[in-house]
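Construct the complete structure from the given sequences, taking the supplied hints into account.
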Amino acid sequence: MPLHIRPATPDDAELILRFITDLAIYEKAEHEVKTDAAGIRDSLFAEGSTAHGLICENDGQPIGYAVYFFNYSTWLGKHGLYLEDLYVSPEARGLGAGKALLRHLAQLAVARGCGRFEWSVLDWNTPAIDFYESFGARPQSEWTTYRLTGQALLDFAAG
Numbered sequence: 001m002p003l004h005i006r007p008a009t010p011d012d013a014e015l016i017l018r019f020i021t022d023l024a025i026y027e028k029a030e031h032e033v034k035t036d037a038a039g040i041r042d043s044l045f046a047e048g049s050t051a052h053g054l055i056c057e058n059d060g061q062p063i064g065y066a067v068y069f070f071n072y073s074t075w076l077g078k079h080g081l082y083l084e085d086l087y088v089s090p091e092a093r094g095l096g097a098g099k100a101l102l103r104h105l106a107q108l109a110v111a112r113g114c115g116r117f118e119w120s121v122l123d124w125n126t127p128a129i130d131f132y133e134s135f136g137a138r139p140q141s142e143w144t145t146y147r148l149t150g151q152a153l154l155d156f157a158a159g
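Here full-length UniProt numbering is used: position 95 in the sequence shown is 95, and no number is missing along the way.
Just so you know, these hints were derived from the structure itself, not from any lab.
Please note: incorrect hints may appear among the correct ones.
[Stated by the list, open to error] Once the Cα atoms are required to be at most 16 Å apart in a straight line, the calculated EDC-like pairs of lysine to aspartate or glutamate come out as:
1. Lys78 to Glu118
2. Lys99 to Asp85
3. Lys34 to Glu57
4. Lys28 to Asp130
5. Lys28 to Asp85
6. Lys34 to Glu47
7. Lys99 to Glu133
8. Lys99 to Glu118
9. Lys99 to Asp123
10. Lys99 to Glu32
Fair warning: this is a prediction, and the values are worked out from it, not measured in the lab.
Below you can see the structure in the form of structure tokens.
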């Protein structure tokens, strides 16, 4: 049976949490995972959720996932697709699952008229960087990402 990519469902919340945790361990940031399966279910699958998930299966067994959402480029006057997470289990790497998930998302972006398909990668993750560059993705080094979280976000929002 070939690789199969399907939309994630609320029943996948535990599986997605496992993949999120495995990805965080790989990225040396397990301590930053603050959600649980209920949090995944309540946010990713809630009515009006702006994020979406995909599950990649091989022979009916889940081997990877992706979470994405649509953003907007004022300069292009078009939506874009932003890939938040992409993960394939180590034992399934080399089967083409990562590329299949990315191609599926690229096809979705094209079908939706998106002008961009973007994601971030840690600067030390050479295998991922090499993989992305192998099919034409290029880094955007002129931009620096900023983030407000936790107490800094609460303090700033409060004025």
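Hints broken by the structure, by number, lowest first?
3, 4, 6, 9 and 10
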